[in-house]
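> On the provided structure of chain Y, position chains D, S and C with the ligands as indicated by the hints.
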Amino acid sequence: MTDQESEGYTMTANIINLLIGGEAGQGMVTIGEILTRSVVSSGYSVVVMQSYQSRIRGGHNTFAIRMGTGEVIAPQESVDILVALDQDTVRIHGEDLSSEGFIVIDEAFEAAHHPCIKVPFKQWGTDAFSNIVALGVVSSLIGLNEELVSETMNKFFGKMDQRTVEGNRQVLEKAFQWTAEQPMSFQRLTRIPNPPDCLVMNGNEAIALGALSAGLKFYSFYPMTPATSIAVTLAGKAERMGIIVEQAEDEISAINMAIGASFTGAPSMVGTSGGGFALMTEGVSLAAMTETPIVIVVAQRPAPATGLPTRTEQSDMEFVLHAGHGEFPRAILAPGTVEECFHLTRKAFELSEQYQCPIFILTDQFLADSYRNVKPFDITNLSPVSPGFHGDISSLPYRRYSITKSGVSPRLLPGGSEHLVVVDSDEHTEDGHITEDLTVRRKMVDKRLEKGSGIRKEVIPPQIHGDERPDLLMTSWGSSKGAVLEAASHVRSRGKRVSTLHFSQVWPLVPEQFIDHLQAARDVVCVEGNATGQLARLIRRETGFFIGKRVLRYDGLPITPEYILRKLIE
Amino acid sequence: MTDQESEGYTMTANIINLLIGGEAGQGMVTIGEILTRSVVSSGYSVVVMQSYQSRIRGGHNTFAIRMGTGEVIAPQESVDILVALDQDTVRIHGEDLSSEGFIVIDEAFEAAHHPCIKVPFKQWGTDAFSNIVALGVVSSLIGLNEELVSETMNKFFGKMDQRTVEGNRQVLEKAFQWTAEQPMSFQRLTRIPNPPDCLVMNGNEAIALGALSAGLKFYSFYPMTPATSIAVTLAGKAERMGIIVEQAEDEISAINMAIGASFTGAPSMVGTSGGGFALMTEGVSLAAMTETPIVIVVAQRPAPATGLPTRTEQSDMEFVLHAGHGEFPRAILAPGTVEECFHLTRKAFELSEQYQCPIFILTDQFLADSYRNVKPFDITNLSPVSPGFHGDISSLPYRRYSITKSGVSPRLLPGGSEHLVVVDSDEHTEDGHITEDLTVRRKMVDKRLEKGSGIRKEVIPPQIHGDERPDLLMTSWGSSKGAVLEAASHVRSRGKRVSTLHFSQVWPLVPEQFIDHLQAARDVVCVEGNATGQLARLIRRETGFFIGKRVLRYDGLPITPEYILRKLIE
Amino acid sequence: MVTINDYGTYETAWCPGCGNFSILEAVKQALVKSGLEPRQVLFVSGIGQAAKAPHYLNVHVFNGLHGRSLPVATGAKLANPQLTVIVESGDGCNYGEGGNHFLAAIRRNIDVTLLVHNNQVYALTKGQASPTSDEGFITKNQPGGVASAAFNPVAVAVAMHAGFVARAFAGLVDDLSDTIQQAIAHRGFSLVDVLQPCVSFNKVNTFAWYKKRSYPLTQDYDPTDWNAAIKVADQWGDRIPLGVIYRNERPLFEKHFPVLGRGPLTGGNMDRTTLKKIMEEYK
Amino acid sequence: MVTINDYGTYETAWCPGCGNFSILEAVKQALVKSGLEPRQVLFVSGIGQAAKAPHYLNVHVFNGLHGRSLPVATGAKLANPQLTVIVESGDGCNYGEGGNHFLAAIRRNIDVTLLVHNNQVYALTKGQASPTSDEGFITKNQPGGVASAAFNPVAVAVAMHAGFVARAFAGLVDDLSDTIQQAIAHRGFSLVDVLQPCVSFNKVNTFAWYKKRSYPLTQDYDPTDWNAAIKVADQWGDRIPLGVIYRNERPLFEKHFPVLGRGPLTGGNMDRTTLKKIMEEYK
Ligand SMILES: Cc1ncc(C[n+]2csc(CCOP(=O)(O)OP(=O)(O)O)c2C)c(N)n1
Ligand SMILES: Cc1ncc(C[n+]2csc(CCOP(=O)(O)OP(=O)(O)O)c2C)c(N)n1
Ligand code: SF4
Ligand code: SF4
Ligand SMILES: [Mg+2]
Ligand SMILES: [Mg+2]
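First to last, the sequence lines map onto chains Y, D, S and C.
Per the numbering used here, the first sequence starts with residue 26, numbered consecutively.
Per the numbering used here, the second sequence starts with residue 26, numbered consecutively.
Per the numbering used here, the third sequence starts with residue 223, numbered consecutively.
Per the numbering used here, the fourth sequence starts with residue 223, numbered consecutively.
Please keep in mind that the hints were generated in silico from the structure rather than gathered at the bench.
Some hints could be false.
Below 30 Å or equal to it, Euclidean Cα-Cα: the simulated DSSO-like pairs (lysine-lysine) are [what the hints assert, rightly or not]: (1) S:K453 - C:K348; (2) S:K453 - D:K184; (3) C:K434 - S:K348; (4) C:K505 - S:K348; (5) D:K521 - D:K184; (6) D:K574 - Y:K482; (7) C:K505 - D:K199.
Here are the simulated distance ranges between beta carbons [as the list claims (entries may be wrong)]: (8) S:E503 - Y:T215: 25 to 35 Å; (9) S:K433 - D:I117: 35 to 45 Å; (10) Y:R519 - D:S442: 50 to 60 Å; (11) C:P480 - D:S442: 33 to 43 Å; (12) D:N406 - Y:G479: 55 to 65 Å; (13) S:A430 - D:T215: 30 to 40 Å; (14) D:E595 - Y:R519: 50 to 60 Å.
All C-beta atoms in this analysis are idealised placements derived from N, C-alpha and C, irrespective of residue type, glycine included.
Okay, chain Y solo, but in the shape it has when bound (with noise of 0.2 Å):
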C-alpha cells in the first residue's frame, strides 16, 4: 500500500501493527506465538495475521501481531514494526511500513532506505538463539516486561533441561539489555496495571473447544489445509476428554465414519476445506435423508481445485449452501471472531442434535490461524447435547420416522434401549424401511423440509451497527466482521452516516431481521471474500434487495480496513 493509497486510514494511538517475516523454517511462528502470548499476558489485545506458503521450508512467510490498549478487531496491512528474517522481508513489506514504523533487521541484511534497527542477532550465541534474541529486541521495544516473556517463553517450550532454560534466559536479557540501550525513541504500549487473564487461541482452537465443550465425541477427518488443526487441537485433547479423533482414508469415509458414530449416539464434526468437502457432499446428503446430526465445518481457502492451500477466501458459501442432492434443511454458521468460533459451534451441535440434520460451520484461513486474546469462556454454565429422545416412546413399534408436526421425529440409539432402530438412505416409511410408495414419498419429503421452520427460528439476527439512515451501509458475513465494523468507524469519522449489517450465519436468511436495513440506506455496498458477491446473491434470492456496490478481495489475503477504504474511495 503506498501512502497516498492509505491517506484515508489514520493510525488509531496506541495501537502497534508488528510483522515478522521470512523463510518457513526459521522459527518466525515461534517468536509470533510467544510474542502474542506475551503481549496479551501484558493485558493488550491482540488480532494476529498468518500468511504463508504451502511449502515447509523457504519461500516467504509472514505472522503479524496488531497489537493494542484498546480493543483490537481487525488485522491491518501498513506496519509499524518489520521484523525481518531475511532480506526478502525488506524487499517485499518495506514499502508497507507506517510513517513511524521501522525494520528490525540482523546486521547482514540491507533494509534500503527505510529506517531501520540493526540488531547484532548473533552476536549472543548459535542461529538457534537468534530467534529469541529477535523476541527479546521486540518485545523491549513494545515495552514488555523482560520477566513475563521470559516466563511466557519457557512455558511456550515446555520442559527443558536446566541449562537451556537458563541459556534461553539470558539471551533474552541480554536482547532487552542492547535495546534498551540502543538511540531511539519509540512510542511503546501503554501499560495496563492489572492485566484481565485472557486465552490466547485461533479461530481453529476455539472450534475445537467449543465442540468439546458442547459434548463432542467423534471427530474424523483427512488433513487439509487450513482444516487441519482442528483436528490436531482434538487429538491432543482426545484421550483426556474421552473422545475418539480418527484420520480417515480419505474425506468420503471421514463423514460417513461421523455419519456412523453419530447414528450410534455420539455427537460427532469432521472439519475440511474446499475440495474435500467436494468428496463429502454425498455424505451430506446421506446425513439429510437418514436424518443423522452431523457438524460440518468448512475452512474456505482459494479455489477452484488446489486454488491457493495456504491462503484465504470466502467463495465455498454457496457450495455451501447447495451441496449435495436432493432437497433438505440445513444452516450454516459464520463465525466472525475467535469467540464465535466458540459459540457458534455449541450451536450447531445443538442445531444438528435438534433438528437430526447437517449443520455447517463456515470458517477460512484468515479466522482458523487468528490468534486472538478471548475472555475466558465460563463453562460452568455450559452444558454438553444430548443426543436422542428422552421421553417415552409412546406408540409402538418405534418408529424412527414417524412423522410429526415439527417434522423432527423422536430418535433412538441402537443399542440404547429395546427397540430396533432402522434407518434408510433410500426413500423409506415411518419404520426406516426401503418403499416405493410415492405417497409416503411425499409425506417424507414434507417432513424432512418442515424442520426448516423450526431451524428458522433459531436464526441468529445478523448485527447491526451504527447510523440509523445511513449514507452508507455495508453488509459482510464471517471472519470480515472486525474490519468491515472498523472500516464503518473510519469512514464516520470523516463524518458520514454509516452502517454495518454482518452476517454470522448465512442460512437461512430470515428478512424481517434486516430488510429495513438495506432499505434505509442510501447507499449499500458488500464486502466479500470472493470474486462474485454471494452473500450479495443469497441476499437479493430471499429478499429482492439488489445490492450493486462490491468491495471484493480475492487475492489470499484477508479483507483489512484498508483494503475496504482504498476500494471505497475506488
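Only chains D, S and C with the ligands this time, still in chain Y's reference frame:
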C-alpha cells in the same frame, strides 16, 4: 385421478393413452418398445412414460404410450387402454381409466367393475408367447397394420431362427384375428396415409447420438440409474465409431479420466445422477481450474441420498449450479424434448471446447427413458468440435494460460505440437506452473471469470408461447416443457389468456431475454419437479422478480398436463 | 433363548432363484448360533441387491450409500463397541465404489464383519461388470468383454494380513452359516466373500459354475500359515477354495483407544473438570 | 540426442536434504537413458510435496487433484497412447486418497508408470500419518501412535499380479534410475515405490533407517516367479528388499480397444457415414 379432478382435462380427439402394467421381468418393456416403434412407423406421434421400481423381478412397473395423429408433447395420466399383465395393475390403475377407457386383461384375472376385454393369453402357446398376444390385441385395437407390427417385432428381436420367427408371426396373426372378432367398438386412430420416416428414441439415446455427432471420443462413467443407458448406447457403438467407453472404478475416477482424456485432445463426456455427481464435484472444480473442456450429464432422480433411484425429479439444479469449490463460469442446458437432448448435447460440446470449462446437461429419469418420434437428424451439415487452438502461437514460449481479453487462452494438445503443455490445479502462472504470487492470482481469477461473458452471449433464450399480456404465465424448465405447453392450451381453451416461459438453459440467465414477459403477466406460477421451486428462486436472484405461486411435484412422477391443471384449481 | 424367528421373515425384492436367499438364511442361522439377540446387532449396508438384505432382518439397520458401508460401520463400532457390527453388501459396493475403504478396514483391523455377496456383477443397475467380473465377461456396457483383470479380494486381504479371511458359497448354506459364525466370533476385521449366483445378470458364473469349481479346504489346512494361505488365496478359475483361508491374532484397532474400554461414547456428557484444565492451558 | 539438460533445472520448494532431490535426478537420468524427448512425455501428479516434482521437469505436465493422478493418467493415455505417461506423486496421494485408483490401475494394466515418493508421511500438510506409516508412528495428529497396520503397496500389487512391481531407495540414485528406466520400458502398468527420507516430518524412517534395512535383490532372483515374489514382497521392517520384485507379461489394457491402434483419439473428426447408419437403426 378421480373423474372429478380430471374434469378440467378434456381428451383431445385422436389421442390414445395406452398403459401396460405388470411386474418387472414380465416383458412389459419389450411389448412397449415394439408397440412404440410400430405406432411411430404408422405415422403417429408418441410420448412414452416409463415408471419402474428399483428391483429386477416383481413389484409394479408401467410403460405408458401416449399416441396421436397430431403432435403429442406430454405424458397423460388418464388411461384409455390399460393392458394389465397382472392383477395389481387393475387395482392400481383401474381408477385412472378415462370415460371411454377399458382394460385388456388375461381371462384369469379380475377386472373388477371396469370395462374390459378378457384375452385368452395362454390359448395360442406358452407363457413366452403371451406378450406377443398382448401386442397383437392392442395393435389391432389401435388399428395398426399387422404386417407392419410383425416386421417391427422381427427387427426388434434381431437374428432368430426361422421357426421362432414363424411361430411369433402366427401368434400375432391369431391375436389380430381374435381381436377383430370381438364384439366391441373402440375409436381407432385415423390411418395416416404416407407416414413420414421417423426415428424412435429416448432422451438418453439422443444425448448419446448428439455427443457422437459432436465428435465425442471418450466417455467414462460409473453405472447409475437413470444415466446408465447413455453408456449402454455409446458402448454398443464404440468400436464402430472409434471411441472409448470406459467404466471407471467410481465416479471420481470417471470424471478425472475424462478430464485426462480431454486434456490430450479427446472430446469427453461423463454421465451420472445426483449421488454420483456429488462425488464428481471436486473434478468439476478441477476442470474449471485447469480449463479443460468437459461435458457432464446429470440425469436427475428423487433424492436426498439414494432416494427413489428409478423415479424422476428436478431437484438438482441448484446443486449443479454451485457444484465445485471456488468460483468459475459454467453453463447448464436442460433439454425439454428428445430433439433438444440431441441438439443441446451438441451445444454443450461446442461451449465446452470454446470456453474450456465444464458444461452441464441436466436431464431426468422421465426424459431419459421417454421414447418419442423424432424427425431424422440431418447430420450431413453438423460438424464435430475441434479441440484446441488452430491458429499460430505468436508469442513463445507457449503459455497455456496466457491472459487474453476474452479469458480464453490458446489451447494446445500435449504431443500435438512442438510445445510443452503444462496445466495445474493450483493457482498458476500463465505458463501453467504453480505460483503463490497473489497478483497473478487475481488476474487468473478475472481471466477465468471473464469467460462467463462469452458464455452469456450464447445463451439460448427461454421459449415464450401464448398470449401477450396473459392472466397467467407459467414458467418451467427442462423435461416438463410439453406438459406445461399442453396445460396452457387447455387453460386457454377455457378462455383465459395464458402464456408459458420455458427454459432449456437454466444458467446463465439473461434477464433481458424474459423479464418483460414476467412483468407483463397478471399472475405468474412456476411449474417444477421439486419441492422448493428452484428456478423461481434463481429467477429472483437474477432479476429480483418474485414468483409466489408454485406448482411443484416431488412424488417421483413426471409433471403431466393433468397434474398442472389440478394444482392450478387447488 | 434367541431363535431364528426372532430375526423375522420379510417379503423381499429379489428374483426367484437368487443366491441372496440362501445367504439371508445362513446369516440368520449364524446369528442364532452366535447367541446374539436382534438388538445387539447392527447391520450396515450400501446400495445394490445384496445391500437390501438387512431390510429383511429384524435388527438395527443403517442402509447407507453405495460403497460406503465400511466407514459407517467403523464409526458406529467405535462409538458403541458393544454392538456386533456386520456389513452386508455387494461386490460392486465393497470392491468397486468402496475399494479404498476395504483397504482401510483391513489395515485398521476393527472388529467388524464384512459379508460380501459376490455375484461378479452389478445386479441392481442391470448387469454391468463388477470388479470381480472375470476378464472377458460380456455385458451391455462391456460388449467387447471386460478388459481389466478380476479383483481377488481374498488374495488382497491375505497379502495385507487381514485378521480373518474366508470364502464361502451361497449354495452350501450350512458351511456358509458356519463361516459367518466364525467371522462374527473373530475379534478383529473379518471378511467373508460369498459366491452368489445372480440368475438374472450373470449367466456365466452360475450355481453350476461355482458348484463345479469350488472345493472345501481340508481339515489339515492351517489358516494361520500365511505362506500357505497366500497361495490358496491366489487360486481362482478352475479351482476355487472355500473355507477360512487365513486368520491371525493381530492387535485389535479398538485396543489403541483406552477410552473405548469405558463403554459406548454416547453423548450427553462432558468432562467439565478436564475441559476447564485444558482451557487454562490457553492462558 | 536428448541430454539431461533438455529436462531443465528449476528452483524447487523442497527442504534442503529432502530425498525428493535424488528422485528428481534419477527420473531425469531414466528419461535420458530411455531416449525420450520432453515432448514425448506426460507427467501426471496429484498434490503433496512429491507431486510438485513434475513442475521441476521440462515435460508435459498435468498437476491434478490430491489422489486422482491415476485416473487422469488413464484417460490421457487412452486418448493418446503415443505419449509416455508417468504418474509421480506421494504415498498419501496414491495409497491414501487414491487407494481405489491404485487397485483399478493394477487391474487395468494400462501402460502407465507410477512413481511413488514413499516417505511414510503426509509431508505437505505438515506431518500426519500416511497409509505407509508404521504402526505406532507418532505425529501431532496421532499422538498415541498410528493404530492401523502399514499398507504394503508392493505386496498388494504382487498379490494382484500387477505387471511390474519394484521398490527402490532415493539414497541409491543409479539403481533408482535403472529401475525407473525398466518401469518405463515395461509394457503395462508399472509401480516403483521409492523409499524417500523426509527430513522435516519423518524422524523415524530416516536415510540411515532405510540404508540399514534395505538390500538389493540378488542377481539370481527371478521376478517372474510369483511364489517367490509374494514372499519377498511381504518383507518389511528389518529387511526391505530393493529391485524389481515382480514382473509378468499380462495383456495390456490398451489391446482390448482396437481403436487405439489407430493413433490418438484427438477430436475434430467424426465418422459421418457410420453415424448415419447408426441413426437408421433408430427407425
Ligand atoms: C454413488 C453411487 N454410484 C452409483 C450408484 C448406482 N448403483 C446402485 S447399486 C450399484 C451396483 C451394485 O452392485 P453390487 O454392489 O455388486 O450389488 P448387487 O446389486 O450385484 O447385489 C450401483 C452402481 C449409486 N447408488 N451410488
Ligand atoms: C481432497 C484433498 N484432500 C486433502 C488435501 C490436502 N493434502 C494436500 S497434500 C496431502 C498429503 C500429501 O501426502 P503425500 O501424498 O504422501 O505427499 P508428500 O507431501 O508426503 O510428498 C494432503 C492430505 C487435498 N489437497 N485435497
Ligand atoms: S438381479 Fe441377480 S442379484 Fe439381484 S435379485 Fe435378481 S438374481 Fe439376485
Ligand atoms: S517436508 Fe519432507 S518431503 Fe517435503 S520437501 Fe521437506 S523433507 Fe521433503
Ligand atoms: Mg454384485
Ligand atoms: Mg508422503
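> Which of the listed hints are broken here?
1, 2, 3, 5, 11, 13
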